[in-house]
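Could you fit the two chains together into a complex? Lean on the hints.
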Amino acid sequence: MLAATLVFTTGAEAACYATYKAKRDDPLRLHYGVAEVTSPDCTPEAASVELAPRLALDGWILLAIVEMIDADKLGEVRKSAGDYFLRY
Amino acid sequence: MRATISSDTDSRKVARSVVIGLAAIVAILLVAAVFLFVNLPDANAFNARVERIFIENDLTTQAEIKLLEILAQSGTSFGDTLTSYRMVIFVLMVFASALLIAALVFLVTIIGLNRRMSEIEKRGIDISSLMISRAENKVYLNDMAFSLTPANVETLSVLAEARLDDEYLSGTAIEAVLTGRNETDCEEAAGATRIKRLRDSLGNQLVSEVLVRNVAKKGYVLACPPEAIRVQ
Numbered sequence: 003m004l005a006a007t008l009v010f011t012t013g014a015e016a017a018c019y020a021t022y023k024a025k026r027d028d029p030l031r032l033h034y035g036v037a038e039v040t041s042p043d044c045t046p047e048a049a050s051v052e053l054a055p056r057l058a059l060d061g062w063i064l065l066a067i068v069e070m071i072d073a074d075k076l077g078e079v080r081k082s083a084g085d086y087f088l089r090y
Numbered sequence: 213m214r215a216t217i218s219s220d221t222d223s224r225k226v227a228r229s230v231v232i233g234l235a236a237i238v239a240i241l242l243v244a245a246v247f248l249f250v251n252l253p254d255a256n257a258f259n260a261r262v263e264r265i266f267i268e269n270d271l272t273t274q275a276e277i278k279l280l281e282i283l284a285q286s287g288t289s290f291g292d293t294l295t296s297y298r299m300v301i302f303v304l305m306v307f308a309s310a311l312l313i314a315a316l317v318f319l320v321t322i323i324g325l326n327r328r329m330s331e332i333e334k335r336g337i338d339i340s341s342l343m344i345s346r347a348e349n350k351v352y353l354n355d356m357a358f359s360l361t362p363a364n365v366e367t368l369s370v371l372a373e374a375r376l377d378d379e380y381l382s383g384t385a386i387e388a389v390l391t392g393r394n395e396t397d398c399e400e401a402a403g404a405t406r407i408k409r410l411r412d413s414l415g416n417q418l419v420s421e422v423l424v425r426n427v428a429k430k431g432y433v434l435a436c437p438p439e440a441i442r443v444q
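If you're matching them up, the sequences are chains R and F in order.
Under our numbering, think of the first position of the first sequence as 3, with each following residue one higher.
Under our numbering, think of the first position of the second sequence as 213, with each following residue one higher.
Just so you know, not all the hints are guaranteed correct.
[Claimed, not checked] Derived lysine to aspartate or glutamate pairs resembling DMTMM-like cross-links, with alpha carbons at most 25 Å apart: (1) K23(R) - E373(F); (2) K81(R) - E373(F); (3) K75(R) - E268(F); (4) K23(R) - E281(F); (5) K278(F) - D28(R); (6) K278(F) - D27(R); (7) K75(R) - E373(F); (8) K81(R) - D270(F); (9) K81(R) - E263(F); (10) K75(R) - D270(F); (11) K23(R) - E263(F); (12) K23(R) - E268(F); (13) K278(F) - D43(R); (14) K75(R) - E276(F); (15) K278(F) - E69(R); (16) K75(R) - D28(R); (17) K408(F) - E439(F).
Worth flagging that the hints you see were computed from the coordinates, not collected in a lab.
Since we're looking at a predicted model, the values are computed, not measured.
Just chain F, same shape as in the assembly (with noise of 0.2 Å):
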């Protein structure tokens, strides 16, 4: 039997646009980099001119001729330069194509986050952290704090560690981890009770929380935005 393959295609078409966007990138500079080699003009230019004034024109005492020389040879001191400028070019195109990857790399991490934001907000709660301190009978999910009785806090206590194990816990078990006794002996009505118990107590306090709100001395009001309101 084939396993049920789960796969994301939003994430495999922004890794493809990434692929391509680092394409376009490398494909920029390079050509840039071949224009910059191919036009800058290199220091046999100057020997080539000297040349021809010397060839086109009647010089030909031996002081115009020294001259012409030395015409030449500041033209190949130039020519060194200007190598050193094409390096000076290349250096500040490769810091060039390095903040264009950033940017794209952050345009994906920004859209990606975006993607998440919305799902997030779809879901309604998106718990972050989730700390069960025994000592003041609290949870704090993401930083809001809900008081329960010692009894759901040891209930959350044990869906916690299943969690962190992967486990699923049923009813009985439950009651068999809370009371110390053999699984056979416990009813899977016990456990289910103290799940109800925990979902009453914290949900009254959840939606207390993050939708029906109570503001002292004003009254209770809902905790969302008024344009996102629709009855239908």
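In isolation and in its complexed conformation, chain R is listed as follows (with noise of 0.2 Å):
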């Protein structure tokens, strides 16, 4: 029974996942991507502190995380994020 708890919590941990709105500078540019976040709690003040030095890294500024998602949502998305489906 725990070790089932443990495993639906962990597995609902890995779950998580972010849509967000992101932009670059010179000339603007605009993205909206799903994202899987790992931290432990599934807020959104939490995926955007996981999510901005991820996209920083390809010079990409997270303007709003739109919602929290789950796995099973990940289909509907999937079509407007394109190719920033999954990416970062």
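Here is the structure:
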């Protein structure tokens, strides 16, 4: 029972995804993407803390976290995110 | 001993007002330029607006995002036009300030001329040209011709030459130059007589020209406006 709970929670943690909006200056480029959040609490605040440095590596500036989604909802956003689906 | 210094306070005042005026014009130009550069929106204003639209609205499909990027690009190109506008406005401002400076300089010149004119009016006659014609035995003062005797012309020529050299001549010196004798053999009174004859002849004609006019078949008249006359 305990093990099952553990597996369930870790599973839930692994299945935490965030959709976000980011930009790059000069010239202005925008993108909407989906990224996995590895931090234990699945909140927009934690996601932005985690995602901002990851995006900054490629010169992207995180503008906003749109929402937190589960793994089973990834299919809905895959088309919109396009190239940025789970890229960062 | 200290030399006597005559200072012209008026011209100094004028010079100071010119400096103040020029400084004011430059200050106005600078303030206007600063306002201009501060108040014109920069190219980034469009990008910031597009960014806000992207964040605040549910624009997530790739086509929508592409459109937003194009919007931002057109804004940026308009920003380039704005810089050229800024340049044009600045050039116009420079022209305007040049005109202001020219106007100030002209104003100061007019004030100076007015002052000189009133001085001339007070002094009576201002000699701007003196031409001695030995052949005609005439002297031209500001285009007014006066006939003189040959002796008077000689005296006047001697005085004119001395004036060119910035020299003062005594009666004896005048007599010596005119007769060619040594100064010790000449008398002061002889030179003074020559001056007196010149003054009488020239003064008489000068007064008849500028003050007591004789108009043919009409008579004598004072050559001054009636409002200038005051009897006390």
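Each hint, compared with the structure:
no.: 1; hint: K23(R) - E373(F); verdict: violated, 97 Å
no.: 2; hint: K81(R) - E373(F); verdict: violated, 107 Å
no.: 3; hint: K75(R) - E268(F); verdict: holds, 22 Å
no.: 4; hint: K23(R) - E281(F); verdict: holds, 13 Å
no.: 5; hint: K278(F) - D28(R); verdict: holds, 15 Å
no.: 6; hint: K278(F) - D27(R); verdict: holds, 15 Å
no.: 7; hint: K75(R) - E373(F); verdict: violated, 114 Å
no.: 8; hint: K81(R) - D270(F); verdict: holds, 15 Å
no.: 9; hint: K81(R) - E263(F); verdict: holds, 22 Å
no.: 10; hint: K75(R) - D270(F); verdict: holds, 17 Å
no.: 11; hint: K23(R) - E263(F); verdict: holds, 10 Å
no.: 12; hint: K23(R) - E268(F); verdict: holds, 11 Å
no.: 13; hint: K278(F) - D43(R); verdict: violated, 33 Å
no.: 14; hint: K75(R) - E276(F); verdict: holds, 21 Å
no.: 15; hint: K278(F) - E69(R); verdict: holds, 21 Å
no.: 16; hint: K75(R) - D28(R); verdict: violated, 34 Å
no.: 17; hint: K408(F) - E439(F); verdict: violated, 34 Å
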